[in-house]
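Sequences listed follow chains A and B, in order.
Every letter in the first sequence is one number past the one before it in my numbering, and letter 42, counting from 1, is 42.
Every letter in the second sequence is one number past the one before it in my numbering, and letter 59, counting from 1, is 59.
Calculated directly from the structure, the hints in this document are not laboratory data.
The beta carbon of each residue, even a glycine, is placed where N, CA and C say it ideally should be.
Do not rely on the hints blindly, as some may be mistaken.
To be verified - Partial selection, computed: residues in chain B whose CB lies under 10 Å from chain A:
#, residue
1, Thr13
2, Gly16
3, Arg17
4, Gln18
5, Val19
6, Ala22
7, Gln37
8, Tyr48
9, Cys91
10, Ser94
11, Phe104
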Amino acid sequence: DQQVKQNSPSLSVQEGRISILNCDYTNSMFDYFLWYKKYPAEGPTFLISISSIKDKNEDGRFTVFLNKSAKHLSLHIVPSQPGDSAVYFCAASARDSNYQLIWGAGTKLIIKP
Amino acid sequence: DAEITQSPRHKITETGRQVTLACHQTWNHNNMFWYRQDLGHGLRLIHYSYGVQDTNKGEVSDGYSVSRSNTEDLPLTLESAASSQTSVYFCASSDSGTPRRGQFFGPGTRLTVL
Numbered sequence: 001d002q003q004v005k006q007n008s009p010s011l012s013v014q015e016g017r018i019s020i021l022n023c024d025y026t027n028s029m030f031d032y033f034l035w036y037k038k039y040p041a042e043g044p045t046f047l048i049s050i051s052s053i054k055d056k057n058e059d060g061r062f063t064v065f066l067n068k069s070a071k072h073l074s075l076h077i078v079p080s081q082p083g084d085s086a087v088y089f090c091a092a093s094a095r096d097s098n099y100q101l102i103w104g105a106g107t108k109l110i111i112k113p
Numbered sequence: 001d002a003e004i005t006q007s008p009r010h011k012i013t014e015t016g017r018q019v020t021l022a023c024h025q026t027w028n029h030n031n032m033f034w035y036r037q038d039l040g041h042g043l044r045l046i047h048y049s050y051g052v053q054d055t056n057k058g059e060v061s062d063g064y065s066v067s068r069s070n071t072e073d074l075p076l077t078l079e080s081a082a083s084s085q086t087s088v089y090f091c092a093s094s095d096s097g098t099p100r101r102g103q104f105f106g107p108g109t110r111l112t113v114l
């Protein structure tokens, strides 16, 4: 049973517009959520995280929103740029499992010129 | 600059052979992890270690082993390679107790088992 789900395998967005990537989870014990970005032939790189005690965290063009009641988080990228084309992974962790990461399957974001 | 490296980057082997993938980090992190990435599955945890002489099984540990003799290295061994182990393997490391920064990843090793 997947505890972290990214239901959109791919997403195509016009350059300059907003990209919204979604992630759902089932385990209410998760207390940290992270987004990673991955280019082909490279390892994932950390992008942004949010604690379960917050509902929003912002870092430049990237904002993550957390809706605990819906067990849903989203990553907003504004404005989208060509270099944002990558696979984005959502991951979650819990203190009682020593913050091991549970990963979603990823969403491939394509930014169109 | 601190980094995490993996070798080899690409490996082709035959069924039944023993294969070892190397992982070396200079972050001085206590925690190290091995994942495999397959289409539609995201990253799945194979083995992990929270310090020297500590190793633990992850979600998909069958057919794999690790050892941790120092802080910097966590080699992953496939005891008898199988075609189902064809995958991309990532090593990662992290600080203890800093969940908000997540894990730092190596560039990956693409393994093909024929």
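Looking at the structure, which of the earlier hints fail to hold?
1, 2, 3, 4, 5, 6
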